[in-house]
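Here the numbering used here is used: the first residue of the sequence shown is 2, the next is one more, and so on.
Note that these hints are calculated values from the structure, not bench results. All residues carry an ideal CB built from backbone N, CA and C; glycine is no exception. Be aware that a few hints might be false.
Listed next, the in silico DSSO-like pairs over lysine-lysine satisfying Cα-Cα at most 30 Å (straight line) [stated by the list, open to error]:
1. Lys133 to Lys279
2. Lys339 to Lys140
3. Lys251 to Lys231
4. Lys140 to Lys279
5. Lys140 to Lys13
6. Lys114 to Lys140
7. Lys338 to Lys279
8. Lys133 to Lys13
9. Lys338 to Lys251
10. Lys279 to Lys231
11. Lys13 to Lys59
12. Lys338 to Lys140
13. Lys59 to Lys133
Pair ranges (Cβ atoms, derived) [to be verified]:
14. Gly325 to Pro227: 22 to 32 Å
15. Ala61 to Gly350: 27 to 37 Å
16. Lys231 to Cys49: 40 to 50 Å
17. Glu132 to Arg46: 50 to 60 Å
18. Pro275 to Arg225: 20 to 30 Å
19. Ala199 to Gln261: 37 to 47 Å
20. Arg95 to Asp336: 53 to 63 Å
21. Gln333 to Pro227: 32 to 42 Å
22. Arg256 to Val208: 27 to 37 Å
23. Ile19 to Ala61: 25 to 35 Å
24. Pro275 to Asp336: 19 to 29 Å
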Amino acid sequence: MSDAALMARALKLAGNGIYTTDPNPHVGCVLVRNGEIIAEGWTQRAGCAHAEIDALQKVADARGATAYVTLEPCSHHGRTGPCSDALIAAGVARVVVAMSDPNPLVAGRGLQKMREAGIDVECGVLQAEAEKLNRGFFKRMQQGLPWARSKLAMSLDGRTALASGASQWITSPQSRQDVQVWRAASSAIVTGIDTVLADDPQLNARVDFDLEQPVRVVLDSQLRMPLNAKMLDNDPASVWIVTCCEDAAKQQRLRDLGCQVFEIADQRGRVDLPSAFKLLAELQINSVWVEAGATLNGALLDSGLIDEWLIYMAPCVLGDEGRGLFHLPGIQTMDDKKTLRLLDVRRVGPDIRMTFNQDFK
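Could you put the whole structure together from the sequences, leaning on the hints where they help?
Here you go:
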C-alpha cells in the first residue's frame, strides 16, 4: 500500500475520536512492517493514551516498522509522556506524518527529535485532509479563536418563526437529528439569553453513541438567566454564563448553582463577542456550535467570527409576517449587503442543508 493509502487509514482512525478527544486533537496511527499493518491506534480521550502509544501497546515488537501518524508526535510532557520518545524507544525506523503540530509546545520539535535519533521522517502526506479533521484545534492554536459554526432553520421564504415567535418545528425530524450529531462533535454550544427565555432548551447532544457532552454557553448581557432553566437541571457546572452585568448578587446565585460566570463588556454595555470567543479558546474550546436568534446571528455576521453557516431549509412557507434569519439594522444600501459563499448542499430528509462561509471580498 502507498503512503497516501496508509495515511488515509490513519485519518479514518482519527475520526473515531471526533466526539471524545477535546480539547486534544483527533489523531490516528498505523504501524506497518514488511508491507503489513501490525497495529493501529487513535487518541480517544484527553489524559488517555495518544494514538501512537495506543498503537504501540497493541504490538509486542515495533522495531523496523513505519508509523503513519495524522499529526506530528508530541515532544512535551502533558498528561501523558512524549509520543516522539515512545516511537524512538520502540525502534521505529520511519515515521510518516500528515502535518506538523501548530501547538507552540510541539511545533516541529517532535519531528526534529526523531530525525536526530536516526528515524527517517517525512511530513506533508494528506496534509489538507488532516487540517480539515482538526480545524478547531488548529484555529485555536494559530489564531486564539475556536472554529465556529452557526445553525439556522428557515422556511422556503426565509422565515425562522411565525410573527408570534412560534418555530417548533420548521424542519423535519431528520434535520433535528442531524443537528444533534453536529452538537455532539462540538466543544461548546453557544446561545443567547433570548433563546433561553423563549425556548428553555437543554442544549445537550442527544445521540446514541459515546461522547463528551459539549459545554453550554449563554451570552446574557443583563443576567436574565432563570434559575429554574432546564439546562441547569443537569450538570450546571457545564453551563457558562458570559455577561456584562456587574450585579454581584445575581452572579453569585448562578455560581451557587454550579455555573461559571464570566464578565466581558464592550463599550456599549453588551457582551463583547470577539473577547467572548477568545475567552472560549483560552478555556480550551476548539469548536463552537451556535444556536441563536436573529439578533445574535446578525451580530455574529457583522463580527465575522463565524467560519461556517449551516442553514436548514424546509419545504414550507411561513408568510410575510414571519421572522427573518438575521437582524441587521445597519444595512441600508446594496453596498452594505453581506455576501456568503456556498460550500455544500445536501438533502436531509425532506429538507435541504446548505453550508456557507462569509465572503469578505
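For each hint, the structure was consulted:
1. Lys133 to Lys279: The hint holds at about 21 Å.
2. Lys339 to Lys140: Holds - the C-alpha atoms of Lys140 and Lys339 are around 23 Å apart, at most 30 Å.
3. Lys251 to Lys231: holds (18 Å)
4. Lys140 to Lys279: holds (11 Å)
5. Lys140 to Lys13: Within the cut-off at roughly 21 Å; holds.
6. Lys114 to Lys140: Holds, because 25 Å separates the two Cα atoms, which is no more than 30 Å.
7. Lys338 to Lys279: Holds, because 27 Å separates the two Cα atoms, which is no more than 30 Å.
8. Lys133 to Lys13: holds (12 Å)
9. Lys338 to Lys251: Violated, at roughly 39 Å.
10. Lys279 to Lys231: holds (27 Å)
11. Lys13 to Lys59: holds (18 Å)
12. Lys338 to Lys140: holds (27 Å)
13. Lys59 to Lys133: holds (28 Å)
14. Gly325 to Pro227: 22 to 32 Å: Because 27 Å falls inside the window, the suggested range holds.
15. Ala61 to Gly350: 27 to 37 Å: 49 Å Cβ-Cβ, so the 27 to 37 Å window is violated.
16. Lys231 to Cys49: 40 to 50 Å: violated (32 Å)
17. Glu132 to Arg46: 50 to 60 Å: Check failed, 22 Å falls outside 50 to 60 Å.
18. Pro275 to Arg225: 20 to 30 Å: holds (23 Å)
19. Ala199 to Gln261: 37 to 47 Å: violated (23 Å)
20. Arg95 to Asp336: 53 to 63 Å: This hint holds: roughly 56 Å between Cβ atoms.
21. Gln333 to Pro227: 32 to 42 Å: holds (37 Å)
22. Arg256 to Val208: 27 to 37 Å: For Arg256 and Val208 the Cβ distance comes to about 30 Å; the hint holds.
23. Ile19 to Ala61: 25 to 35 Å: Holds, at about 30 Å.
24. Pro275 to Asp336: 19 to 29 Å: Distance hint for Pro275, Asp336 holds at roughly 24 Å.
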